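> If you want the building blocks of each chain, they are given just below.
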Amino acid sequence: MMWKRLALAGCAVILAAMLAWAYPAAELTIPPSTLKFSHRLHVTDNEIECVTCHASVEQSKKASDRLLPTMDVCSGCHDVEDDAQCGMCHENPDEPEAAANPERPIEFDHAGHLSRGATCAVCHGDIGSRDRATGANMPKMAICLECHDGEKADAACQVCHRGRISLSDIHPAEWLHTHGDRAAQEPQWCDGCHKEERDCLDCHRGDNVTGSIHDLNYVYTHGLDANSKERDCARCHDRQAFCVACHEAENRIPWLHSTLAWRTEHGRTARRDPENCASCHETDDPTCARVGCHNDSDGLRGTDPPIHSGSAALFDGHGPWHDDDGFYCFQCHVSTGQPGQGFCGYCHGSK
Amino acid sequence: MIPDTRFQLRGERLVFDNRSMYPLHRSRAHRLRLARILIGLLLSAASLSGVVSAAELKGRFTSDLYISETNDVTHVRAYERLRAEMVTWRGDRSGALSLHTYLRWRSDFANKRPDDPQWFVYDAYVRLKERPRGSEFDVGRQFVYNGAGSALMDGLRLRYRAGAGVNLDVFGGSAASRVDPEEVRSLSDYTVAGARINVTAGRMTRLGIGWMLRRDAGSMVFHRLSFDGRHELGRGAFYTRLGLNAQYMRVADVLARISYTPAEWYLSGEFGWREPSVSGNSVFSLLEFDRYKDIRLEAQRRVGNGVAVVTQGQASLYDDETAWRGSVGIRGSIGAISWNTQTGHRGKNNGLSGTLNVPLNRYWTGFASANVNRYRVQDEQEDLSDAYASSAGLLWRSGSGWMARGEVQYLRNAVATSDVRTLIRVTRSFSHRPESGQAGHR
Chain S
1 MMWKRLALAG
11 CAVILAAMLA
21 WAYPAAELTI
31 PPSTLKFSHR
41 LHVTDNEIEC
51 VTCHASVEQS
61 KKASDRLLPT
71 MDVCSGCHDV
81 EDDAQCGMCH
91 ENPDEPEAAA
101 NPERPIEFDH
111 AGHLSRGATC
121 AVCHGDIGSR
131 DRATGANMPK
141 MAICLECHDG
151 EKADAACQVC
161 HRGRISLSDI
171 HPAEWLHTHG
181 DRAAQEPQWC
191 DGCHKEERDC
201 LDCHRGDNVT
211 GSIHDLNYVY
221 THGLDANSKE
231 RDCARCHDRQ
241 AFCVACHEAE
251 NRIPWLHSTL
261 AWRTEHGRTA
271 RRDPENCASC
281 HETDDPTCAR
291 VGCHNDSDGL
301 RGTDPPIHSG
311 SAALFDGHGP
321 WHDDDGFYCF
331 QCHVSTGQPG
341 QGFCGYCHGS
351 K
Chain B
1 MIPDTRFQLR
11 GERLVFDNRS
21 MYPLHRSRAH
31 RLRLARILIG
41 LLLSAASLSG
51 VVSAAELKGR
61 FTSDLYISET
71 NDVTHVRAYE
81 RLRAEMVTWR
91 GDRSGALSLH
101 TYLRWRSDFA
111 NKRPDDPQWF
121 VYDAYVRLKE
131 RPRGSEFDVG
141 RQFVYNGAGS
151 ALMDGLRLRY
161 RAGAGVNLDV
171 FGGSAASRVD
181 PEEVRSLSDY
191 TVAGARINVT
201 AGRMTRLGIG
211 WMLRRDAGSM
221 VFHRLSFDGR
231 HELGRGAFYT
241 RLGLNAQYMR
251 VADVLARISY
261 TPAEWYLSGE
271 FGWREPSVSG
281 NSVFSLLEFD
291 RYKDIRLEAQ
301 RRVGNGVAVV
311 TQGQASLYDD
321 ETAWRGSVGI
331 RGSIGAISWN
341 TQTGHRGKNN
351 GLSGTLNVPL
361 NRYWTGFASA
371 NVNRYRVQDE
381 QEDLSDAYAS
391 SAGLLWRSGS
401 GWMARGEVQY
411 LRNAVATSDV
421 RTLIRVTRSF
431 SHRPESGQAG
441 HR
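Residue numbers (our numbering), protein chains in the order written: chain S, 1 to 351; chain B, 1 to 442.
Rather than coming from a laboratory, the hints here were simulated on the basis of the structure. Mixed in with the good hints, there may be bad ones.
[What the hints assert, rightly or not] FRET-style restraints, in silico, Cβ to Cβ:
id, chain 1, residue 1, chain 2, residue 2, range
1, B, A110, S, E250, 18 to 28 Å
2, B, V76, S, G299, 53 to 63 Å
3, S, A121, B, F430, 24 to 34 Å
4, B, S186, S, S129, 46 to 56 Å
[Said to hold, decoys possible] Here are some chain B residues pointing at chain S (derived, C-beta under 8 Å):
id, residue
5, G208
6, E298
7, Y318
8, S369
Quantities reported herein were computed from a predicted structural model and do not represent experimental measurements. Ideal Cβ positions, reconstructed from N, Cα and C, are used throughout, including at glycine.
The task is simple: from the sequences and hints, build the whole structure.
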């Protein structure tokens with residue numbers, strides 16, 4: 001009990017710390033610009049080349065180089081000396097500001113890419129048709145990976161991220177536990193790196209010959225994970241097909257089953273962990289329904305040890321046992337088809 | 001669910017059989033059905049090559065030879081896997097039609113099992129993209145996962161970017177057969193159906209609603225509804241999920257997870273409450289079973305260039321018992337080592353595991369791993385068992401699509417006092433793309 005309280009207290013402390021000390025993330029954040037600049041007007045409508053304004057890009061070897069044009073460049077077309085026209089470009093003409101140039105967390109050599117034949121549009125897409133460019137228009141990693149696929153160009157993280165990122169940053173220690181949730185919400189997020197692995201099956205295929213998913217002795221130790229709920233095995237493995245088949249073939253009977261206490265203890269164990277029972281006792285396994293156990297062959301209510309209570313909520317309405325002769329109720333109960341008789345009579349009154 | 005393929009169908013029951021052989025239940029009509037569908041899909045894709053401007057064939061062919069000797073019994077298992085896709089498109093890649101396949105063949109040359117050789121079809125579907133714009137339509141055998149559940153099904157799937165950050169995903173079909181890869185099963189008896197809506201609200205918030213149901217032999221075995229959300233705030237992220245058992249209209253699981261990455265740290269905490277997962281048509285679903293709670297805490301701190309110290313703790317809390325797990329380790333760019341422990345309810349373990357991946361040069365990588373566990377699975381047992389596994393090998397990448405892996409493994413466990421295995425794997429990635437303007441030609 002004390003350990004429970006300590007664990008819950010630990011969670012609360014961590015939660016409070018996170019909320020108290022939240023501050024901007026380390027990833028690139030482009031602050032909103034205070035400049036009113038339309039790329040569409042300049043590039044599309046007036047057919048101005050990118051390098052006319054961004055002249056320094058052809059010599060730029062670092063991502064953090066300031067490649068935005070200075071006001072001197074603008075003066076080539078606009079009268080920047082006329083204070084009355086400041087408002088044409090600056091949102092706050094009384095306090096005009098230059099666009100921010102935040103530090104980039106990656107390495108990028110514009111000059112090198114241009115010399116290899118890459119054009120501006122390859123990475124920057126349709127920015128030439130935008131009225132207002134924002135940080136959202138910065139190239140995403142998926143665009144980089146179209147060339148950096150390991151064949152056309154190196155795909156190693158270090159090429160762009162140098163020592164600033166490692167696999168632990170992308171996939172922290174809990175990743176094995178949480179990646180499924182992320183994949184369901186943002187499957188495209190995985191596509192950024194996993195070009196070779198097209199879907200879950202590349203890992204969750206079932207041929208564990210290299211031990212990359214489960215260690216090589218997992219067939220002997222997997223019970224530890226299953227019992228302690230380290231993994232929700234049922235997310236990938238169909239219990240009936242996967243667990244039962246092996247346990248049945250290998251005759252893996254838990255030690256406790258062979259003791260006399262099992263007759264009185266198994267109910268408590270089953271209520272706590274029916275997944276464990278179901279790993280051997282398949283859907284139509286008659287074990288529970290043996291005569292003398294939970295079988296209701298006499299059709300008399302209350303004469304046999306029950307598996308379930310007679311809770312109305314469970315049996316409210318026209319249950320599927322009326323239409324499905326194979327429904328699991330009939331492992332223990334016998335359908336009489338007659339009101340007032342046996343199992344059917346439990347709900348359907350007198351004859 | 002991913003079907004395991006070690007089965008025989010005996011009458012109507014699915015049974016593992018490693019004794020004498022008996023024939024698979026297989027009707028000629030069923031056997032040809034998936035083959036017909038595959039041929040039809042291939043012809044459809046090929047026929048459209050005349051109206052497209054380009055096509056690309058790419059994929060990966062992997063051959064494994066896995067030799068083991070366990071307690072004087074020799075196995076020589078071969079695995080062949082082919083993943084291929086043929087993509088055709090017009091002009092700016094709008095309206096791309098592609099065929100995707102993922103096939104696996106397996107056999108044991110030294111000690112054949114009754115179901116050897118065995119082949120299985122994981123993927124065999126045609127995909128049409130951007131017709132209409134923003135859509136992706138798949139038809140055929142495919143793996144589906146939407147957060148509420150998963151399945152390998154023969155059916156249809158439609159994904160659609162509705163705009164304004166809304167993505168829809170709807171699928172339906174029949175669950176793929178576990179024993180016969182060529183059988184396409186009854187839609188009414190083996191129904192798989194599901195849907196998901198993902199909504200991106202602003203840059204930092206993602207919400208999702210998922211639904212899935214599965215039938216097996218005409219009975220409902222799984223029916224789940226899930227609601228999940230993720231929000232990022234500065235260096236923190238919060239994820240929550242609510243799962244409903246739609247068959248019995250009750251809460252199946254609740255999960256809340258929070259993570260935080262200040263400076264060199266990664267911290268996360270998770271709280272979960274859930275009921276056991278049993279098939280809807282199982283007698284165990286009638287039990288008034290206990291629910292249990294999970295608490296997980298993880299902390300990771302970068303201590304150097306690509307090196308991080310990681311620690312994890314987990315407790316699964318029942319009414320009167322608790323299962324405890326913990327681990328401490330170091331992860332780096334070339335390997336990891338960790339100590340794992342488990343105690344309390346339903347199991348005890350102390351283990352050490354380590355991996356090493358060392359790039360030797362541009363083409364070669366050396367690797368090794370080892371796992372040692374001293375454990376018992378059942379509390380009632382007094383003795384502990386030992387399990388030891390190690391492997392070492394070399395990986396070669398040509399840089400032009402060839403990859404080869406040679407590995408030696410050594411295992412020792414409760415069954416095998418000495419189990420030596422050798423794995424030889426060769427992978428060939430291929431990509432053929434004709435010159436633009438010559439559809440389907442090279």
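> Please go over all the hints and tell whether each is borne out by the structure.
Now the hints, each set against the structure:
Evaluation of the 18 to 28 Å hint for A110/B and E250/S yields a pass: the beta carbon distance comes to about 20 Å. Between V76/B and G299/S the C-beta distance comes to about 57 Å, which sits within the given range of 53 to 63 Å. At roughly 30 Å, the beta-carbon separation of A121/S and F430/B lies within the given 24 to 34 Å, and the hint holds. At about 51 Å, the CB distance of S186/B to S129/S agrees with the hint of 46 to 56 Å.
Annotation: G208/B was flagged as interfacial toward chain S, and the flag holds, the nearest CB pair being 6 Å apart, inside 8 Å. Taking 8 Å as the C-beta contact cut-off toward chain S, the hint placing E298/B at the interface holds, the least distance being around 5 Å. Interface restraint check: Y318/B against chain S, minimum CB-CB distance 6 Å, threshold 8 Å, status holds. Residue-level restraint check for S369/B holds (minimum Cβ-Cβ distance to chain S is 7 Å; threshold 8 Å).
Against the hints set out earlier in the document, no violation occurs for any number.
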